[in-house]
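Those protein sequences? They're chains A and B, same order as listed.
Residue 1 is where the first sequence starts when you use the numbering used here, and the numbers rise one by one after that.
Residue 1 is where the second sequence starts when you use the numbering used here, and the numbers rise one by one after that.
Hint data in this document are derived by calculation from the structure and do not stem from the laboratory.
Treat the hints with care, as some may be off.
[As the list claims (entries may be wrong)] Quick list of simulated restraints, FRET-style, between CB atoms:
| no. | chain 1 | residue 1 | chain 2 | residue 2 | range |
| --- | --- | --- | --- | --- | --- |
| 1 | B | 147 | A | 137 | 20 to 28 Å |
| 2 | B | 165 | A | 269 | 31 to 39 Å |
| 3 | B | 54 | A | 245 | 41 to 49 Å |
In this text, a Cβ means the ideal position worked out from N, Cα and C, and glycines have one as well.
2 protein chains.
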Amino acid sequence: MAAMAVFAASLVGSLAAASVRVAAAAEEPAEGERAPPPRTSSEVLESASPADWRPVDPQNTLYMELPSGRVIIELAPMFAPHHVANIEALAREHYFDGLAIVRSQDNYVVQWGDPDGKRPVGNAHRTLAAEFERPSRGLPFTVLPDPDTYASETGFVEGFPAARDPKFGRAWLVHCYGMVGVGRDNDVDSGSGTELYAVIGQAPRHLDRNATLVGRVIQGMNLLSTLPRGSGEMGFYDKPSERVPIKSVRVAADVPESQRTQLQELRTDTATFMAYVESRRNRHEEWFKVPAGRVDVCNVPVVVRSASGTKASR
Amino acid sequence: MAAMAVFAASLVGSLAAASVRVAAAAEEPAEGERAPPPRTSSEVLESASPADWRPVDPQNTLYMELPSGRVIIELAPMFAPHHVANIEALAREHYFDGLAIVRSQDNYVVQWGDPDGKRPVGNAHRTLAAEFERPSRGLPFTVLPDPDTYASETGFVEGFPAARDPKFGRAWLVHCYGMVGVGRDNDVDSGSGTELYAVIGQAPRHLDRNATLVGRVIQGMNLLSTLPRGSGEMGFYDKPSERVPIKSVRVAADVPESQRTQLQELRTDTATFMAYVESRRNRHEEWFKVPAGRVDVCNVPVVVRSASGTKASR
Numbered sequence: 001m002a003a004m005a006v007f008a009a010s011l012v013g014s015l016a017a018a019s020v021r022v023a024a025a026a027e028e029p030a031e032g033e034r035a036p037p038p039r040t041s042s043e044v045l046e047s048a049s050p051a052d053w054r055p056v057d058p059q060n061t062l063y064m065e066l067p068s069g070r071v072i073i074e075l076a077p078m079f080a081p082h083h084v085a086n087i088e089a090l091a092r093e094h095y096f097d098g099l100a101i102v103r104s105q106d107n108y109v110v111q112w113g114d115p116d117g118k119r120p121v122g123n124a125h126r127t128l129a130a131e132f133e134r135p136s137r138g139l140p141f142t143v144l145p146d147p148d149t150y151a152s153e154t155g156f157v158e159g160f161p162a163a164r165d166p167k168f169g170r171a172w173l174v175h176c177y178g179m180v181g182v183g184r185d186n187d188v189d190s191g192s193g194t195e196l197y198a199v200i201g202q203a204p205r206h207l208d209r210n211a212t213l214v215g216r217v218i219q220g221m222n223l224l225s226t227l228p229r230g231s232g233e234m235g236f237y238d239k240p241s242e243r244v245p246i247k248s249v250r251v252a253a254d255v256p257e258s259q260r261t262q263l264q265e266l267r268t269d270t271a272t273f274m275a276y277v278e279s280r281r282n283r284h285e286e287w288f289k290v291p292a293g294r295v296d297v298c299n300v301p302v303v304v305r306s307a308s309g310t311k312a313s314r
Numbered sequence: 001m002a003a004m005a006v007f008a009a010s011l012v013g014s015l016a017a018a019s020v021r022v023a024a025a026a027e028e029p030a031e032g033e034r035a036p037p038p039r040t041s042s043e044v045l046e047s048a049s050p051a052d053w054r055p056v057d058p059q060n061t062l063y064m065e066l067p068s069g070r071v072i073i074e075l076a077p078m079f080a081p082h083h084v085a086n087i088e089a090l091a092r093e094h095y096f097d098g099l100a101i102v103r104s105q106d107n108y109v110v111q112w113g114d115p116d117g118k119r120p121v122g123n124a125h126r127t128l129a130a131e132f133e134r135p136s137r138g139l140p141f142t143v144l145p146d147p148d149t150y151a152s153e154t155g156f157v158e159g160f161p162a163a164r165d166p167k168f169g170r171a172w173l174v175h176c177y178g179m180v181g182v183g184r185d186n187d188v189d190s191g192s193g194t195e196l197y198a199v200i201g202q203a204p205r206h207l208d209r210n211a212t213l214v215g216r217v218i219q220g221m222n223l224l225s226t227l228p229r230g231s232g233e234m235g236f237y238d239k240p241s242e243r244v245p246i247k248s249v250r251v252a253a254d255v256p257e258s259q260r261t262q263l264q265e266l267r268t269d270t271a272t273f274m275a276y277v278e279s280r281r282n283r284h285e286e287w288f289k290v291p292a293g294r295v296d297v298c299n300v301p302v303v304v305r306s307a308s309g310t311k312a313s314r
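Please take these sequences and the hints and turn them into a complete structure.
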């Protein structure tokens with residue numbers, strides 16, 4: 001058996017109808033209509049127009065520099081404006097420089113910040129009111145058609161996986177792989193972004209609406225996910241020597257342009273994105289024998305590529 | 001903020017009713033009944049009786065010895081009898097010794113075996129008929145009460161996460177974190193266990209019923225999940241030097257007893273397990289403000305402990 005062939009098809013998919021609603025794409029074509037031939041995810045992306053992509057905003061992007069390289073985090077001010085502003089203020093004061101990754105728990109989270117909670121926060125806030133959810137009104141919410149265990153509706157808002165409760169008109173970010181959240185104590189208002197975590201395993205959706213999510217890792221996730229797991233309780237590094245030092249955290253806009261990583265994200269409010277979702281719901285390549293016909297919000301990784309358009313980077 | 005306090009509550013849960021069905025536990029107590037006070041997952045496990053645990057069967061256990069340590073895989077002959085028998089035959093011929101981990105793709109799978117597919121398989125089979133699903137009849141299936149995106153019913157069979165379709169009377173293992181499956185080419189019957197993978201990220205449930213699952217990692221998962229990601233296509237290690245050598249794979253029963261790892265698993269067909277599930281569905285500790293009220297089958301890690309009963313090991 002050729003090793004390269006195994007799962008060759010698992011990265012790609014099919015496309016039932018490029019310009020219709022996702023929910024409709026799974027249905028039989030109406031009389032007189034002909035569904036276009038299935039396309040793979042790669043084909044959907046290859047045929048995307050420049051307008052299907054948007055540049056990642058350097059004002060809402062963090063670079064966390066580790067000895068192993070750069071982790072890039074896109075922030076979500078539409079969901080957590082106060083925490084995002086506070087984290088950016090902390091970064092601008094170089095608060096995180098010389099702090100460390102203090103925890104790596106298998107199939108759960110990597111966490112970083114000040115293990116002692118003693119470093120001065122300058123003009124930033126040490127605590128902030130929780131931003132677990134917000135009104136759904138005004139959000140460009142692309143709804144997925146499939147049932148979710150935890151929420152009545154899931155989908156995407158400007159690239160971020162989210163959930164929505166139409167009954168109460170509320171929306172919130174959800175804990176998918178790579179999402180970044182704010183550590184806190186028992187008091188809901190005890191966090192501020194001085195301590196952050198990234199999800200490195202199965203989506204811990206029970207944390208939804210219990211923690212303020214502020215963004216997601218869009219490049220360098222492997223630098224976090226491969227860190228040795230901590231042997232202490234809950235994956236904390238028992239010995240200070242095990243901790244991974246953070247060289248710096250900067251707002252991308254503050255970094256000289258020549259040193260920035262220019263990235264683009266696939267927009268999530270387009271027909272192309274709908275087609276991409278459909279290609280994840282039903283994969284018709286020969287390798288797949290039973291198309292799932294469904295997709296979980298955490299199984300639709302939003303595509304990021306270098307601004308030169310050459311290669312998806314995550 | 002004390003780092004240790006963050007998510008202290010995330011490992012534990014609550015218990016609404018220890019001796020009732022999981023589905024009923026979420027409902028209001030009937031008139032005249034009083035729900036027992038909520039308990040945490042830890043409390044549920046602490047109060048478990050010896051009969052709530054079962055020893056892991058060495059006849060259906062593999063030890064994969066890596067330079068970094070031992071990975072322990074529990075096999076699932078009730079779902080994939082022919083593949084399990086074949087993998088055990090391969091192990092007994094020392095087929096895997098000196099082969100390698102050849103792939104590590106972030107948020108997806110680690111894969112091992114013979115990258116060239118040339119090593120003789122001796123008395124084992126090079127290919128086998130697929131075992132993607134089986135009749136559900138006769139399986140001790142503990143059903144979870146919550147909706148699942150991909151299947152009409154999910155639950156557990158002798159410790160393994162599974163799904164069931166009552167309409168067609170079929171059952172299958174599902175691709176949760178740590179599950180081990182059989183690589184294959186496009187032909188469904190082209191696998192045999194000479195190439196295996198383990199899930200290291202968000203459950204790739206689109207693979208359900210498209211690949212034969214044969215077991216799950218019950219110890220040493222971190223030895224796989226922290227491997228450097230491959231820089232090649234789909235996470236394959238481009239250079240042979242990047243591959244992680246496999247010292248040996250053995251059936252535990254063939255290893256001298258003094259060298260075995262004695263493990264016990266929480267049984268999944270007991271009232272204690274129901275209580276454990278409920279403690280994962282609703283976590284009432286002070287840290288949690290919004291109990292999920294639901295749980296995904298892949299968010300109920302089955303508990304494994306050393307046979308001395310001292311410590312959960314995953």
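Hints, verified against the model:
1. B:147 with A:137: 20 to 28 Å: About 26 Å separates the Cβ atoms of residue 147 of chain B and residue 137 of chain A, which means 20 to 28 Å holds.
2. B:165 with A:269: 31 to 39 Å: 35 Å, holds
3. B:54 with A:245: 41 to 49 Å: Between residue 54 of chain B and residue 245 of chain A, where Cβ atoms are some 44 Å apart, the hint holds.
Checked against the numbered hints listed earlier, the structure breaks none of them; every hint is satisfied.
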